Structure formats: C-alpha cells, structure tokens
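A.B. asks: Each chain is listed here by its residues.
Number of protein chains: 4
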Amino acid sequence: MNERLNFACDYNQGAHPAILQRMLENNLVKSGVYGDDAFSESARAKIRTACRAPEADVWFLVGGTQTNAAVLDSVLRPFEGVISADTGHICIHEAGAIERGGHKVLALPGKAGKISAADIRACWDTWYGDGNRSHVVKPGAVYLSLPTEVGTLYSLAELEAISSVCREKGLCLYVDGARLAYSLACPENDVTLPDLARLCDVFYIGGTKCGSLLGEALVFPKHDTVPDFFSIIKQHGAVLAKGFVAGLQFDTLFTDNLYGEIGRTAIAAAERIRQALRSKGYTLAFDAPTNQIFVLLDDAALASLSEKVEMSFWDKPDAEHTTMRFVTSWATTEEEVDRLIELL
Amino acid sequence: MNERLNFACDYNQGAHPAILQRMLENNLVKSGVYGDDAFSESARAKIRTACRAPEADVWFLVGGTQTNAAVLDSVLRPFEGVISADTGHICIHEAGAIERGGHKVLALPGKAGKISAADIRACWDTWYGDGNRSHVVKPGAVYLSLPTEVGTLYSLAELEAISSVCREKGLCLYVDGARLAYSLACPENDVTLPDLARLCDVFYIGGTKCGSLLGEALVFPKHDTVPDFFSIIKQHGAVLAKGFVAGLQFDTLFTDNLYGEIGRTAIAAAERIRQALRSKGYTLAFDAPTNQIFVLLDDAALASLSEKVEMSFWDKPDAEHTTMRFVTSWATTEEEVDRLIELL
Amino acid sequence: MNERLNFACDYNQGAHPAILQRMLENNLVKSGVYGDDAFSESARAKIRTACRAPEADVWFLVGGTQTNAAVLDSVLRPFEGVISADTGHICIHEAGAIERGGHKVLALPGKAGKISAADIRACWDTWYGDGNRSHVVKPGAVYLSLPTEVGTLYSLAELEAISSVCREKGLCLYVDGARLAYSLACPENDVTLPDLARLCDVFYIGGTKCGSLLGEALVFPKHDTVPDFFSIIKQHGAVLAKGFVAGLQFDTLFTDNLYGEIGRTAIAAAERIRQALRSKGYTLAFDAPTNQIFVLLDDAALASLSEKVEMSFWDKPDAEHTTMRFVTSWATTEEEVDRLIELL
Amino acid sequence: MNERLNFACDYNQGAHPAILQRMLENNLVKSGVYGDDAFSESARAKIRTACRAPEADVWFLVGGTQTNAAVLDSVLRPFEGVISADTGHICIHEAGAIERGGHKVLALPGKAGKISAADIRACWDTWYGDGNRSHVVKPGAVYLSLPTEVGTLYSLAELEAISSVCREKGLCLYVDGARLAYSLACPENDVTLPDLARLCDVFYIGGTKCGSLLGEALVFPKHDTVPDFFSIIKQHGAVLAKGFVAGLQFDTLFTDNLYGEIGRTAIAAAERIRQALRSKGYTLAFDAPTNQIFVLLDDAALASLSEKVEMSFWDKPDAEHTTMRFVTSWATTEEEVDRLIELL
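Protein chains in written order, with the working numbering: chain Y, 1 to 344; chain A, 1 to 344; chain D, 1 to 344; chain H, 1 to 344.
Calculated from the structure, these hints are not laboratory results.
All copies of an identical chain are treated as equivalent in the list; a pair is satisfied when it fits inside any one copy or across any two copies.
Below, a list of computed lysine to any residue pairs in the SDA-like style, where the Cα atoms sit at most 25 Å apart:
#: 1; residue 1: LYS111; residue 2: THR126
#: 2; residue 1: LYS316; residue 2: TRP127
#: 3; residue 1: LYS169; residue 2: THR225
#: 4; residue 1: LYS30; residue 2: HIS93
In this text, all values refer to a predicted model and were calculated from it rather than measured experimentally.
Extracted from the complex, chain Y is given alone in its bound form:
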C-alpha cells in the first residue's frame, strides 16, 4: 500500500480492533439504556480500581466539549469563572461553550500550555483579592489539560502544588484528559490515575482520541460531588441513549490494560519521529514528550513535506516559518513511521 502518509490527527480512524470485535460479539444483546447497563457497570468498576478510588462516580459522555461544559456548569455558581491557560481547549476551541453556560474563562498566559500554582494564586489575588471582589467574576475552578494541548506534561510536584492552592482557595480542580493515554504511557510522566483521583475533584479519561469510536470517562473521585449529575448531563444533551456503546468501549479499554498498550504504541512511534527530526537537524517546538510532535519548518521544507505527508497546521511564528504538527496514535504502524522518517 503506497497511499499518502497521514499524521494529521489521532481521531481520524475508527476504533481499536479489540473494541470493534467486542461490539460485534455483543451487538444483539439487549441492555439497559442511558448508561444503566452491565457493560457500563463493569467499565466503572475497572476504572475505580485503576484509579484506586472505590467510591468514585464514573460517567461516560460522548465528547470533550460537552464534558467540559457539563462539569463546569455543575461545579460553578452563576457568577463564578474557571481559570485556564490561554491555550486551554475551553479557552479557544469550543466556540464559547463555557460562556454559553454563563461562566467566564479566566485566561492566564501559559508556558508551553501550562499554568502553575503561583499563576493560580496570583489570578485569585488579582481578581478576588481586593475590595472590588463582589463586582468581579469569582474564580471557582481550575481547568488543566493533561497532556496539554501542546503535548506537554504536568509533573506530580506541579500537580500537587496546584491541588494544594485549589484546596486552600476552595477552587474545584478539573483535569481534561482527552489524550490521557499518551501521558500515562510516557516515560517522562510521573502522574498516575490514582494521583489524579487523589489530587483532583474531577477529571476525565479520554476515549475519542485514545482508541474508541467516541466517549470520555468522567471521574469524580468522591461520591456525590455533584448530586443529580445525570439530570445535568441530560439537560446538556450529553446523555447517550445507547449508553452501552460507550460503556462497552471503556470496558474493553480497561481490560488487560489495553489503554496502556494504546498509549505505548503511540509514544513509541512519536519518539522515533522526534529522534529522526532531531538527528536531521529540525527544530522542535515545545518540549513535548507525548504523541504530538511540533516542528518548525521553513517555507521550502513545508512545501516539500506537505506534498508527501498530511500534517496539521499549528501556527506561524514569523513570515518564513510555520509550526506543523505530527500526531501518532494507537493505529500508527511501524511502517508508517519508517516511511515518514525516509521522507524527512
């Protein structure tokens, strides 16, 4: 097969074959609906175990934007806002979904996609530290992405410091793990699922970008953090009628650690590409060790490479250069990586 290489994205193919196989085998099983089914129950139990959070409430939603909106609507009071890096998905790529729910996104300048405990403390002081506090939006939650939108990681120490300031100030800490498989599988990473369950108030384990057809597993480590959460996601139009379709996929992802394997496949491929780029003298943008690779290309290199491989545009730092992104996934083959490296 000699079709054009495509490294544009980690959600442009179907599901990991093990998932599809399981769907096929269970296609005619009659289940409960709206998430009240045996597949979902089994998936919840496995996720609780993986997170060492035996009392956790686990919900399966379809996609990231609706998950973010439902979570933040449920934990914020009307006049409260959410602190986020200015590169955060909720800040720029959700067409204003958080604002539609009535909440301001308090954007902080991130460093390589990240904000720090000190940034959060300073934001609190600026917005809420003086006599005008009742006239301003009150910070009510902190939104982090792990890995971030530019593929970087929070260390355990960083996350612990952030969690600590959140608890001090009464801020709900929420982690968007759309690509969590790729941080968990990353050698540089030291934040585990039990760490997330211990340090966050709520987080989600991404499925859509990590091998399933769709679906995100939302985890509230503490039971009943948000009473009546089902009604909230129903009101958001975020309840999947055939909830078992998401449940079965997560049950498969958390069987025999398929989720870990998916991450490792993508990271190994990404690491080979990074090393090839470095050895051939390319400049990488960000210190991003996960499944997204950002490379600075001059116009000639961009033109030449674009002919042979599909990448995605990231930004244009100056008139002669462009940052392009390669993304690997559970489905990236060694042969695809070989072919890409040849072309570089």
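For chain Y, the structure is supplied; the task is to place chains A, D and H on it using the hints.
C.D. replies: Below, chains A, D and H without anything else, positioned relative to chain Y:
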C-alpha cells in the same frame, strides 16, 4: 435460546448488522474529522436525494436532546419560545434543555400527542395577540414529533395546515423525527421525506432509535437557513470528533433503502402484536399505528405479564389500571413476536 | 380640576410626597454607593424589626422582574424549575426572564390566581415522583404572589400548608409582594410580615407599586441563605449604583408606618368602588379584596365608561363581555372616587 | 461646613437640583408606564435632535451593567463574542454579566484604557482568520468606553478608524458613555453626539454618573436596528415600571443644555485639581483629561492625604506606591476644590 422477552425499547441493542459490517470494513480508513469526510458527504447526498431537496444542509448530531436544543437555540431570538404539545419530548423529557438555552416551551394540551393548526393559531392569539405582547414570550417556532411520543401520526393534510399557519405567522416549523423510520414505513402514513422538506423549515431523521449506534440527521431544506450552524453545534458540545462514525451509519441507512426496510420490519412486528392484543380483548391506548403499542392492563394482567416480558411503564390512568408500552424495532424477530403472542 | 379620571394603574404617578420631600432634603448628602450607605442601613434595620427577623438579609432592587430572576437564579440549580400559578407574573408577563436564566416555570392552573399545598404536592409527584425523574425538570422552588395578580389573598392557613409541603420536599418558598402594602392593609388579610419571615425562604416587599419611585425590598429571613448574593445581582445588572435612592425611599416607607398608611388609603378607596359597583348591579370578577377591582362589562357599558375613565383591559371571557380593571393607590383621592362612583 | 472632603465618586449624591425640582412639580401627573409617556417622548425628541439622528430609537434603562448586557445580547448571535479593552467595564466590573448572557468577552490589552482599529483587526485575524474559525468564538461586536474607565478619550480620527474596521468586518460598534457628559465638555475632545450617531451602531448617554438619580439613554441611530428591543429589555428585567422617572430626568438634562453645563462644571473642577497636583510635583497616571484624576502617591503622602479627603483606590503599581483616584461631578463646588488644593 429462551431468555426473557424484552419489548421495552427500540434503542437497547447495537446497530443493524449492515452498519456494523461496514464499520468493520472501513475501520482503518483515515478520514476527515468533525463531519468533513467522504462517508458523511455521501450520506448527505443520499439524504438530499431522498428528500428531493438538492440544496439542503444536512448535519449529523449524536442524539435527540442535543439536536433539539441546538436547532431551537439557532432559530429563536432570546425572548422567543417554542410551541409544543404538552407530551412533547422537549416539554417533559429533556430535563429543561430548551429552557437552559433561554427559551420557554409554550405547552399546549395535545390530543393523542398531537396539536393542530387551530391550536397553534389560538396560542399565537393568546400569547401574542393583544396589547401586552411585548411583555410576553413571543412564539417563534413550532415543535412537532413524527411519529409522536405516543406513536400517532400527523396526516399530510394536518401537516400542510400547520405549515401554512407557521408561514403566515413567521414561526419556524421543526419536526423531531426520532422514530421517523417507523412513520415512513407505516401504511397509515401519507407524509414522505419530500413532504417534510417542502413543509418544514428543519427536521431530523432519527438514527439512534432506527438502527444506528447513535446519530440523527438534521435537515435544513433551504441552504444556509442558519449561517454558521457548525459553530452553534460546536458551542453546544454537539459535534462528534469522529464525525465519520455517524456519517458512515447514515450512508448505510440510505443505501438500498435500508432505512425503509428497518421501518417495515418493526411495523410488521408491531401490527402482529396489535392484532393479537385486539383479538384477545385487550384495550389499546391511543390510535397508534407505528412501532409503539400502548396497552391498558389491570393489576392482575400486569403482574402476570411482567413476569415473562419486559415492557415499559407509561402511565397510571386509575388506581386499578396501568398503561404499558411494547416497542418493536429493526431487530425484533418473528420468533420473539410469536413468543410474546403466546404469552398474552 | 376636571381632567379625565384614571384608574388604570398603581404605578403611573411619582412617589408619596413624604418620600420626595426626604429626597429633596438629602439630595446633596454624600453617601456610600451600591447599597452600602446609611439610608439603606437604616431601612434594613426597620424592615428587620417589622418582620421580627433580626438576622434577615435585606437587599434593595429596582423592579420586580429583575428581583424574581435574580432570586430564582440564586436558589435553583441548573436543571431545577419553579412552580407557579399559570397567572403568575413570572409565568406570563416577564418575557421569559426566568427561562433566560435557564429555568422552567412549572405552571399550574390557578384558582383565582392561587395554588394550594395540594397542587404543589401533586406537581411534585407528577414531575418528580416516578422512575423518569432524572429526565425531567426537578421542582426546586415555589413562587406565590401576595396579593396575587388578580388581587386575591392567601390566608395564613393556606400559606402555612404551602410552607409545610415546601419544607418537606426541599422547595424554596418565594413570595412576590409587588403589592404587599395592599394585602397588609386589607381587613380580610391575616398574613403579617413576621408570618412571611417565618414561613418563606425569601420574599419581597414591593415599593414601585406601593408609593416609591422604584424599588423592591428583598428579604431573606435567614442570614446568608445565598452566599455572595451581591455578586449575583451585580451579574444580573440589578445593582443600583445610587443605592441610597432606593434605601432612602424604603427608610421613609418604614418610618411611622407610612407603608401601612399607603395601603389603607388604597384599600379604603377600592372598597368604596367595589360597594358602589355591587350596589349598581355590576358583576365583579374574582373575590379580590385588595386594591385591584375587576368588573365584567357588556359592550355598551364598556363603551360608555371608557369615554370617561381610564381603566385597564384584563380579558375577554366571551364575545359580548370584557373584564376591566380599576386600580387604586396611595395617591387615589376621595374626590376621584366620588367622581368615579357618579359615573358608574 | 467643615465636613471631610469627598472626591471618591461621581455617583454618591442625588440628582442635579433642576431634575429634582421638575420631579417635584410633576409628581402627581398620571403618566403612561414602561417608558410610554410624554416625558420620555419629549426626552427622545431632544436626544434625536442633539444627535442629529432623526430616526434614532432611544430607550431609557436604569444602569450601565444591564444596558451593556441587554445591548450585547441583542446584537450578538449565541457563538459570538465582544472585543473589549482588558480594562473595559464589561470585562472586569460586571461580575460576568456578559458571559451570563452566553457571550465571551475577547479582552485585548488596552493602552490607557483604549484599543485601536489595528488591535481590532489583529484580534479578528487571530480569532477568526484561519481554518479553525468555526471552532472559536466569532467576534461580533466591539465595546468601547468614552471616556474610558481611566478617563482617557478616543479622538475622532481614532473612532473613525475603528468604525471603519467594524463596518468592514461586520462588527457592531457599541460605545458605553457612562460618563459621556465629561468627554463632551472636555476641551481636548473632538467627538460629538452626531459623530457617535454617525459612527456607532449603538451607544448610551450616561445619566447615573452625570447628574440624574439613575438612568442611561440608549441610542440606536438607525431605526429598528434590533426589532422587539422592548421584549429584550423586559426579559432582562431592565424595564423601569415608572419609566417616566427616567424620561423626565433625561428631558431635563437635554433642556437648555443642562447636560453640557454638568460636564463643564466637573471638567473645570478637575482641571484645577490637575494643575494644582502638577504644580506641587505630583505624578499623574494616564493622560486623562476628563473628570477622573489619577495620582501616584507614595506611602507617606497616601497616609497623610487619606486622613483629610476621601479618594478611591485604583491600583498598586509597586510596593511603595499607590494610584488613587479623585473624581469631580456636576455637584463639585469651587469651595471643595479650594479646600482640596490647600491640602495637597
């Protein structure tokens, strides 16, 4: 296999096998994302043809509640409301999704789930016909379900009359076709897809309850009825990242008229059950010719039948009787119907 | 003076002269702003005393619609709705302000503008009593008007029963007292301010329709019922920059029981009109003992009376009759009443 | 009179005496309600004349935050946002009122409270200029304050350039004139009311901070820019029942150019204070020629001055210095200015 019969629901199994087969065959194809892919394009073309609406905009959303909310938010101004039968899905079973978007549902007492052109005209006059009109919610749209939540049908004449009053008053006419396959396949039905395209401003062709894993095909017969509609569904968290998963399913449903076959299977099964119920002296509630069968049971019959077959509770008209619902689908087998009839 | 009589409304003149005089005397006093001033503090103290609610939080807002919206937004969770009579101001005459805040108004058919404890209990059972409860809007509050929009009163026994069911079900009980002066002054009334403070979670004492230029005094009998309430009204645009303008007016209304005097003036005038109407054989609509008088007029009487006196249109029960409304206020003079009676 | 000097604010006293006198004279006049009265009609006519905008729609709202929210809700589609300087009132001091309406505030770093046509163009390009545009908030309006929150002015040339880019991009240009009297009266200003009517889509002429008890006059130069605008403000709880209270005040402000006189009084006082500060070696912050004076004080000067005069805190640029604000108004007397200058 002698497991317990289950007629509770038309969305408690996977997808029609033809859909799953096609997903399997195309699982590793790399597609565009967010609905911009070849499967979705092909499905759109087939739907336009089926609706005889060559300029229609067609969108694939995940489920009914989010489709209803996105549509109504996009066609109503802030102070406008939507007229609906008081049994309408938006009125009672969406946890306030329409109100969350800021819009009042102007509920009218329905007759067997239906409202008439005269009801709509009277509602307009009541709410908006006198000198206080600027203090009240302005009716801005009409919501119908076809078939209705209780399985009944609007005739073509009824729909034409409703469309006419809507155009006279400037009301957007929106039809929720969550179970549209089952009206289209019904001998009593005289409303076709081209009729819907001609008479409505927007309608959706249900997938979730009609054989797909998920997905509703939203049709605006007139191009650009709502500019920037993608941004609206993005803001609603209603964009499926792997849009091709919905597109491929609708492409299959509209190939070789699978959608029609699915409807006919369910209707044939429902009709057999209805005849058996009638011949055995049961009382049917509503004059519902589609895939939902509502039967009035006294306490003894309810207890006896509940042991052997799963139905769904509908309502309790008096202390000794209960209305229960049987639902058939694309997946209902003749053998299941035989077994049910034996039990009645 | 022989100008045309005007009984259309109780908010079509300025303020009670005592208020305007006090404004004049204090016009150049430099005060704190946004409600943090000596006039407002004094008014709050007097209202707490009048309500026998020493810990009450008292806020001054500009008008009824914004007060209703701010209160209900602050006490309801996103998927919760508010129970109201279908004649309730929030239900029909606020252009969807409650829905704009995301909340459904659960309208119950009122009797002469009133709903009962039994109605509320039945509504809870219907909406929230069965297995579909998580798919529907949860009743979260009850809205009453006292006097109602048609001038009727809740008795203390009725209010106690309603309060009791609200506490049993966890519903916030909110009373809209836009015309409260006119119930308090009414001989038929047995609900006092301390009763309201004891039985409600929140209520407001109307100013706009009871002698001030503008302003409603919102009372939460229990301190900190809604933390950060200032931010909520700020976000609603409901904070008056010159808060002292409202505070001074309420301070005057609650000095030497001016509020009581205002009510008595209007009720005495209304009672004289009612007696004249009855004695002349007119049919009164509703059993309304407060400052609104609803009278059924045939077309001839309507035409004749409309020439000489301004009333307001209420409704048209049949083709030949119209219900018209006379309203009295603090400003209605005996001479005006004499002249009206002559014309009847 | 030797009470403590107070230069904290321009809205901490009642109304200009001419207004109060007129209220007194007309207190018992029976008027139409909700803004449909002779005072309001007269005020509208005078404002149209002053703006040379004979077809303008003019509305009287109570305060700035609710005006901003109502305007932006009415001109923006759900997924659109409003561009503002990061010091804009809507951006920081309205507790998230714009976000509550569902709209993102796209904050740009201002220079002395101002943004430029080039800033707006760059913002459009960043947010909406590339292939991701349908995933982001679309800029739909531009919000300016005149004078700005830090007392600075847009020149006519600047405003014309901004208006031009807005018309090119289809952005609604909205000017918040909470303190407009003080720019109009300023010698440095070259932007007149007719200029605003020519260059903006909508703007408001502030009353609350410019001599009235309350009220802002909102001007849409083009008739029916927003159809059904009354319903929008009703839904926002922003309709004053006794609309004539606002109408009468604006009618007085625009009689014999009282609005101009109010501005000149405040500007003359401010200019005397600025000259005194400069001549005594104080450092002024911002180049602000209107009625707000920002002065940088070291700790000693702050302590000393705070004992004798009430100012308002602005910010703290470093550990040893504080920026404080003096504000003058229509009510500032020469004697107060004399006493302040002595104290400096």
